[in-house]
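Number of protein chains: 2
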Amino acid sequence: MRDLLDIDDSLKAVQGELAAYLGRVVGRFDAALESDLLAVQRLTRHVERYRGKMLRPALVALSAGAASGDLAGDLAAVLRGPMGPGLEIVGAVCEMVHMATLVHDDVLDEADTRRRGQTVNAMSGNETAVILGDYFIAGAYHLCSTLDEQASALRVARASMVVCGGELLQLDRRDDLSLDVATYMAIIDRKTAELIATACELGATRAGGSPAAVAALEAYGRRIGAAFQVRDDLLDLTGREEVVGKSVGRDARKGKLTLPVIHHLAASPPAERAHSLALALRAAREDEGDAPAQLRQRLDATGSVEHAQRTAEAIVADAQRQLQDLPDTPSRRALLAMAGAVVDRAF
Amino acid sequence: MRDLLDIDDSLKAVQGELAAYLGRVVGRFDAALESDLLAVQRLTRHVERYRGKMLRPALVALSAGAASGDLAGDLAAVLRGPMGPGLEIVGAVCEMVHMATLVHDDVLDEADTRRRGQTVNAMSGNETAVILGDYFIAGAYHLCSTLDEQASALRVARASMVVCGGELLQLDRRDDLSLDVATYMAIIDRKTAELIATACELGATRAGGSPAAVAALEAYGRRIGAAFQVRDDLLDLTGREEVVGKSVGRDARKGKLTLPVIHHLAASPPAERAHSLALALRAAREDEGDAPAQLRQRLDATGSVEHAQRTAEAIVADAQRQLQDLPDTPSRRALLAMAGAVVDRAF
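Residue numbers (my numbering), protein chains in the order written: chain A, 1 to 347; chain B, 1 to 347.
Any given hint could be a false lead.
All copies of an identical chain are treated as equivalent in the list; a pair is satisfied when it fits inside any one copy or across any two copies.
Said to hold, decoys possible - Result set (DMTMM-like, lysine to aspartate or glutamate): computed pairs, CA atoms no more than 25 Å apart in a straight line:
| # | residue 1 | residue 2 |
| --- | --- | --- |
| 1 | LYS53 | GLU313 |
| 2 | LYS12 | GLU34 |
| 3 | LYS53 | ASP36 |
| 4 | LYS53 | ASP30 |
| 5 | LYS254 | GLU110 |
| 6 | LYS12 | ASP290 |
| 7 | LYS53 | GLU110 |
| 8 | LYS254 | GLU306 |
Just so you know, these hints were derived from the structure itself, not from any lab.
Given only the sequences and the hints, what does the whole structure look like? Please build it.
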C-alpha cells in the first residue's frame with residue numbers, strides 16, 4: 001500500500017517540509033478546538049484519530065509552493081516565510097470543515113467504523129455526533145476569522161454551502177435509478193471536489209500566484225477531488241472493510257447510485273436492465289443478503305467497475321494537464337505524483 | 001397572547017422602525033441562502049416558516065439604538081444610517097445560526113412539529129435535516145464574511161462553539177438525576193444565553209457604544225437568554241402543543257432535567273425523593289404513560305413549577321437592572337418591555 005505522500009526520492013525534501021508544515025497545522029487545529037468542558041475534550045480527542053492523509057492541508061501547501069513560481073523550489077521559504085502562518089490556518093480550516101463533514105456523514109450513513117475506530121455516532125449517539133460536527137464547523141470559522149482578510153472565510157463558507165448543496169442533491173436523488181452520469185458528476189463536483197479545489201485555490205492565492213496559476217491549481221484540485229470520489233465510491237463497492245478502514249457498502253445500502261452502477265444500467269441490453277434494476281433496488285434496500293454480490297457479478301459482465309476505474313484515471317490525467325504551464329518546481333512534481341496516487345490507493 | 005414586540009403605545013415608532021428593519025433582515029437572509037438547486041430551494045422555503053419573533057435581530061437593532069445614546073431616540077437614524085447594512089447583516093447572521101440550531105435540535109429531539117408545521121426531519125428525514133442545518137451555518141458565515149471587519153465573525157463563531165459546548169454538556173449529563181442548579185444554569189447560559197448576548201453585544205458595538213454600554217447590553221442579553229430558556233423549559237413541561245406551536249414534553253423524553261425537576265428533587269424530603277427519582281426516571285424513559293402527569297403533581301406539591309417561574313422573573317428583573325445607567329431612549333424602553341414579555345409568554 002502506498003501512502004498519498006509516499007512519492008519518489010527526488011521529492012524527499014518536499015516531503016520533509018510538508019510533514020513539518022502538517023505538524024504545525026495539527027497544532028493549530030487542536031488549539032482551535034480547545035474547550036474548558038471535559039465532555040468536549042473527550043470527543044475532540046477521539047476524532048483526532050480520524051486524521052489521515054491530511055490531503056487538503058497538503059494541497060494548500062503544495063499549491064502555495066507551485067504558485068509561488070520559485071524555480072529553486074524552496075517550499076521551505078514559502079511555508080516558513082511571512083505567509084506561513086496564514087497557510088497553516090487555511091490548511092487547518094479546510095481540514096476542520098472536512099472533518100465536520102466526516103462526522104456528519106457517519107451519522108447519515110449510520111456507519112460504525114472510521115479509520116479502524118468507532119464513529120462518534122456509534123460511540124456517543126447521533127445527537128452528540130451532530131453537535132460535535134457543528135462544533136468543528138464553528139471552530140473552523142472561528143479560526144478562519146483570525147486571518148487578516150475576509151476573502152478566505154468567504155471562499156470557505158461558499159465552498160461549504162456548495163458541499164451541502166451537493167449532499168442535499170444526492171439525498172434528493174436517493175433510490176432514483178434514472179440518475180445519469182452528468183448528475184452523478186455534478187453531485188461529486190459539489191460534495192467532494194469543491195472543498196479540495198478551494199484548498200488549492202487558497203494556497204495558490206495566499207502565495208501570491210498569478211490569476212492563471214491560481215486558476216490552474218483550482219482546476220487541478222477540482223479534478224483530483226472528482227477522481228478521489230470516483231475511486232472512493234469504487235472502494236465502497238469493491239473494497240473490504242479491513243483494508244479500507246471504514247464501513248463499506250454504504251452507498252448501496254443508502255440508495256446512492258455510483259458510477260459503476262450507472263454505467264452498468266446504461267450498458268445493459270433492455271431485457272437485462274429490468275433485472276439489474278430490480279437487483280440494484282434490492283441491494284439498495286439491504287433486505288437481500290446476496291443482492292450486492294449478484295450485482296457485482298453483473299457489473300463485471302458489463303465491465304462497469306473497470307470503466308469507473310478508467311474514468312478516474314482519465315480525470316487524474318486531466319488534472320495533471322492543468323499544471324502543464326506552471327514552472328517545474330518540486331511542489332508541482334509533488335502535485336503530479338499525488339494525483340497519480342489518488343487512483344492507485346486501496347484505502 | 002402577547003407578542004414579544006407587542007409593547008405599549010409610546011413605543012409605536014420604535015415598533016414601526018423595527019418592523020422595517022426586520023423586513024430588510026429577511027431580505028438579506030433569503031438572498032444569502034439562495035441556491036441554483038431546486039432541492040435546496042424547496043427546503044429553505046419550508047424552513048422560512050420557522051421564522052417567528054426574530055428575537056435576535058430585534059435585539060441587534062434595539063441594542064444599537066440603546067448604545068448609540070441618542071436621547072432623541074431616533075432609532076431610524078441608526079438603522080437607516082451608514083451602519084444600517086452592517087446591522088442588518090449581523091441580525092440575519094444571528095437569526096441564521098439560531099435557525100440552524102432549531103433544525104438540528106429537532107433532529108436530536110426527534111420532534112415532528114415546529115411553529116405548527118412539520119419539522120425538516122419529519123418531512124425529509126434526519127439526513128436532510130442535518131445537512132440543511134449545515135447549509136444554514138455555512139450561509140451564516142458566508143454572509144458574516146461580507147462585513148468589512150472580522151471581529152463580528154470571530155464573535156459569532158466563538159458563540160457557536162460555546163452553544164455547541166452547552167449542548168454537548170447537556171447530552172453528557174442526560175439521565176443524570178444528580179444534576180444541580182449550577183450545572184443547569186451553566187448549560188442554558190451556553191446553549192441559549194450566549195447567542196442572545198452576542199446579538200446585543202454586536203448591535204451595541206456596531207453602533208459605536210461605549211465599553212460600559214456594550215457590557216451592559218451584553219449582560220442584559222445574557223440574562224434574558226437565560227430567562228427565556230427557563231420559561232421555554234417550563235412550557236415544555238406544562239404547555240400544550242396547540243398553544244406552544246411545537247412538540248412539548250421533549251425534555252422529559254430525552255432525559256433532560258430542567259429547573260422545576262431539579263428544584264423538586266432538592267426540596268423533597270429524603271423518603272419522598274426516591275419515589276420522585278423513580279418517577280422522573282420513568283418519565284424520562286417514556287415507557288410509562290402516566291409518569292409525566294404524576295411527576296407534574298409532585299412538582300406542584302413542592303411548588304417547583306412556581307419556583308421556576310419566579311426564578312425566570314428574577315432573572316428578567318436582573319436583566320432590566322443592567323440597563324439602568326443607559327440614557328432613557330425609546331430603544332432602551334423597548335428592551336425593558338421585551339424583557340418583561342419573555343416571562344409572560346405562553347408560546
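For each hint, the structure was consulted:
1. LYS53 <-> GLU313: within (20 Å within a copy, 54 Å between copies)
2. LYS12 <-> GLU34: Close neither inside one copy (33 Å) nor across copies (46 Å); limit 25 Å.
3. LYS53 <-> ASP36: Neither way: LYS53 and ASP36 sit 29 Å apart in one copy and 33 Å across, limit 25 Å.
4. LYS53 <-> ASP30: Within one copy only: 16 Å inside a chain, 38 Å across chains, cut-off 25 Å.
5. LYS254 <-> GLU110: Result: close both inside a copy and across copies, 9 Å intra and 20 Å inter.
6. LYS12 <-> ASP290: The answer is neither: 47 Å in one copy and 70 Å across copies each exceed 25 Å.
7. LYS53 <-> GLU110: within (23 Å within a copy, 36 Å between copies)
8. LYS254 <-> GLU306: within (23 Å within a copy, 49 Å between copies)
Checked against the numbered hints above, the structure breaks hints 2, 3, 6 and satisfies the rest.
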